[in-house]
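S.K.: Here the protein sequences come in this chain order: A and B.
Under my numbering, the residues of the first sequence are numbered 1 to 621, in order.
Under my numbering, the residues of the second sequence are numbered 1 to 463, in order.
Hints may be right or wrong, so weigh each one.
Calculated pairs, EDC-like style, for lysine to aspartate or glutamate (alpha carbon to alpha carbon, straight line, at most 16 Å) [to be verified]:
| # | chain 1 | residue 1 | chain 2 | residue 2 |
| --- | --- | --- | --- | --- |
| 1 | A | 86 | B | 178 |
| 2 | A | 554 | B | 407 |
| 3 | A | 84 | B | 184 |
Chain A regions said to be covered by chain B (calculated; three or more residues, Cβ under 8 Å) [stated by the list, open to error]:
| # | stretch |
| --- | --- |
| 4 | 51-59 |
| 5 | 422-434 |
Not the full set, but computed from the structure, chain B residues with beta-carbon under 8 Å of chain A [unchecked claim]:
| # | residue |
| --- | --- |
| 6 | 176 |
| 7 | 179 |
| 8 | 180 |
| 9 | 196 |
| 10 | 197 |
| 11 | 383 |
| 12 | 403 |
| 13 | 421 |
| 14 | 426 |
Hint data in this document are derived by calculation from the structure and do not stem from the laboratory.
Computed from a prediction, not measured in an experiment: that's the story for all the values here.
Idealized CB from N, CA, C, for every residue including glycine.
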Amino acid sequence: MFPEYDVIVVGAGHAGCEAAVAAANMGAKVLLATMNMNTIAQMSCNPAIGGVAKGQIVREVDALGGYTAIVTDHTRVQFRMLNKSKGPAMWSPRAQSDRMMFAAKWRNMLEENTNIDFWQEMVTGLVVKNKVCIGIKTGIGLEIPAKSVVLTNGTFLNGLIHIGDKNFGGGRAGEKAATGITEQLESLGFESGRMKTGTPPRVDGRTLDYSKMEVQEGDKEPARFSFTDTPNLQKQIPCHISYTNPDVHNSLKDGFDKSPMFNGRIRGLGPRYCPSIEDKINRFADRDRHQLFVEPEGWNTCEIYVNGFSSSLPEDVQYKSLKKVPGFENMKMFRPGYAIEYDFFQPTQLKASLETRLISGLFFAGQINGTTGYEEAAAQGLMAGINAAQHVASKDPFILKRSEAYIGVLIDDLINKGTKEPYRMFTSRAEFRILLRQDTADMRLTPLVQAIGMNHLEERMSKIEKKETSIKEINKFFENRSISPDEINPFLEAKGSKPINQKVKLKGILLRPNIGIPEMRQFVSTIDKDLEKFDSDTLQTSENTMKYAGYIQKEKEMAEKMDRLEGVTLKEDFKYEELTALSAEAREKLNELKPRTIGQASRISGVSPSDISILLVHMGR
Amino acid sequence: MNSLLTDTIIALSTPQGEGAIGVIRLSGPKAIDMVDENFAGANLIKSEANTVHYGKIKNKNGEIIDECLATIFRAPRSYTKEDVVEISCHGSSYIIQKIIELFLSQGARAANPGEFTLRAFLNGQLDLAQAEAVADLIASKTESQHQLAINQMRGGVSKMIGQLRQQLIEFASLIELENDFGEEDVEFADRQGLKDLVNKILKIILELQSTFQYGNAVKEGFAVAIIGAPNVGKSTLLNALLNEDRAIVSDIAGTTRDVVEDSIQIDGILFRFLDTAGLRETTDKIESIGIEKTKEEVAKARIIIFVAEIEEDHLQIVNAYKEIPILNKQSSIIILNKADAFHTCHSYDVEEAVSTLTNRTPCIAISAKEKTHIDKLKKQLVEIAKNSKTQASTILSNTRHFAALNETKNSLEAVITGLDNQVPSDLVAMDIRHALHHLGEISGEISTDDLLESIFSNFCIGK
């Protein structure tokens, strides 16, 4: 009934969808196996893509040929560039999406790819022979052969949902959990763990009083996620902000004795940066209010997502407490928030390609690796999909460096440090933020996937070539163009910047704080005319490269320094257990993880700088 | 290379040469067994850690080599974190040689210079700063050097750096909080507060760095140059200074100091005479003090002794002194030599006159040949050295630490410049991270996770 597939992807969430298209666009024959074809690409939590650090990841996924950005651009109801008041490394795109349209668009794009087949059924196990994964087993007893398998099970592995003192098996509200895979993997020698995450109540937007809340509009000139020609956003829906108060907190505290968080029923560790509302008022008792974001679920629905009110308290406690929030007095609830516990596998059991160390041809991506977030999942799915295809073609794994992409930071952190709580990306996890700016993801990454033979990149590559040429032209223009005091002083005065006495090069003006190309163009018509032929994104990237040249250079030097440690390779059969000078923990970790380089070894948790000195001493350096 | 830490090493831990006692140290898995085998006295294998035992060391033929005390340290509670035995025997070179030979014949290996410390470092007993301090301690020649090394070994520098780092981490986490969670209801970093903090840290770094000159001088010795016209008696003066004290400065093997250099210790302070051999050879060139090389040497000196022949016409001395511009910048002492041939009662007047006309530069009339008033000169040298000692209790003496602090300082100055010029906060944060990195280079702790830990434990974040 089935051919032997190159890649079978188990699960069709954000990781699974990206894995399927990436492998397919690498030329692999792909089967996407999901329990329910009607829930492909569900946004299980909030209806938004991007945010600080996450938005950068989505841009990288796009640059590497993934679809999340394209789907988001087509289905968004609001777009904002966050952190616009900060430096360009911090600018982070974020969009609210129409939840139903998002899933529909994804399914549509998957179906358009003829390299992808679908199968709807629960996958209950893997076919493994001599430590090589050669297929999957399904609930009704089918065996489907494959050269590689990517597991993207999300929160479904032995998922357990908690609402107050009730709990029941499930992978998501209204969907059943997946069983069998964890147990099989454990029998193969994998170590599993338990994590927890949560989601807030959904409410009826028709019953909210928005006049009591702050309005948060989208950007006046919304940008796009994708580097391709996706549609511009014409119309937007605002979000709203309200706040909890001591009344709300007291009401919530009434239910603490029934909280599975506090009575020990939940064993898995949840993310500290995405705490439930009960966790917030418990841990930060001195704060008398917490911010709530009231987010629309889409164009054609009154359903509202109450971001910031994640809870596993009993539904009646959630209901009566939320009603005390300004604007929510007459609120009707669609469904309560809940917490979910699920199995994950410490990602230190993976190679940098996301292939497992134990079983050849088996790849993990997404929450199964202990991460959280659609964006983090999508990025891993994409990389696992590419690497599964590379594996099948007996080609080298595709690995991104920490200085090349947030995705490089993400995977390097995961495989070397593992994680105790659901891992989310932050810009502060990256050493080289200015090199990883969202506006350069295309130039940084697209040529890399093109080089390993990903299909359908011709248009992207020609756009990048044009962008690079334009940047050179623009930079040259600013270096050569002189400007007279008459032309520029009115602008400088308006910006509170010191006027000039004689002609200067335009670049000198641009380097001043608070001066940017767009404002300059607005004020000085001659400059505007000279720059007319360039698009605003390219102008922005040029401005960034000129304005922050010193910092860019500094980070490049630091990155090169880091690369030198990456250049000191460690043999895979290095006998760490014999080097008794190392701490016991370091010996164990190094033996287990077998880092490829000293640089990688230095980032393994439990390996201290003195362990690294010992390794270097040992290697005669 | 693995044998590096699995064999047992031996070395004499007290200086070579005759002394009242000598201490021989063995470290490694077989240290206790080896000594026990040749020890007539208590059973060392069964003895507890940190105990001292009287006994006799016997050679293979059962002949007694010496009476001694054996101190037992058991892993990991020893200097090297390995089993260690220290044998205190009589300080005769012959006895020491015989005992070491005995253990070498039984499989111990002669330790390389600094190998005990290397083991302590490799076994995680010492951090990098402490290991360097031990190296200094071993090489320390004077009391003040010893104090400095002891202080550094106990973690004086590491502790201070650790505190600075903690303050910076808090600072950085505030900015990172703003960057990563700016969309949420978080506190914003108060820029003036941040600036005050960075300035405060900069001040501490500068203080720490200013101790470096003293710390370095203590370690390396205060550099002293002797200059003056030909035939005023510079060489004689040098010999007068050196001859008496030369014995104290011995060229202990394994120290890095160039033994060609002439050093003397006065009141526990080391003085080092710059290129003195060169000075003696180039007497004919002294007139042209402008010769580049001499200039360079003199510029390195922290104290300059200007030698002139004493004479009635004190103005001539003063003018000669004033012709050498560098003398105004360094601490200097004017020596009026050949006072033996001069009217003693007048010499005081000349001293006083020269000193008055040279902005109260200390002026001493001596006779290098007769070695009169050399003690006065020594007292003056000590006084200058002691005046340059700072009040700080933590003294920095390591060049690598100094360089790392310099990098930290540069990064922090970039932070201030950034704050003043409205540079975006993520770039300011980058400079703070670099500062953290360089501080970490001193104490050996570097982790980017520190920032997030600090954020999570101090702030309520998350939608």
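S.K.: Please name the hints from earlier in the document that this structure breaks, with their numbers sorted from lowest to highest.
M.R.: Going through the list in order, the structure violates hints 9, 10, 11, 12 and respects the others.
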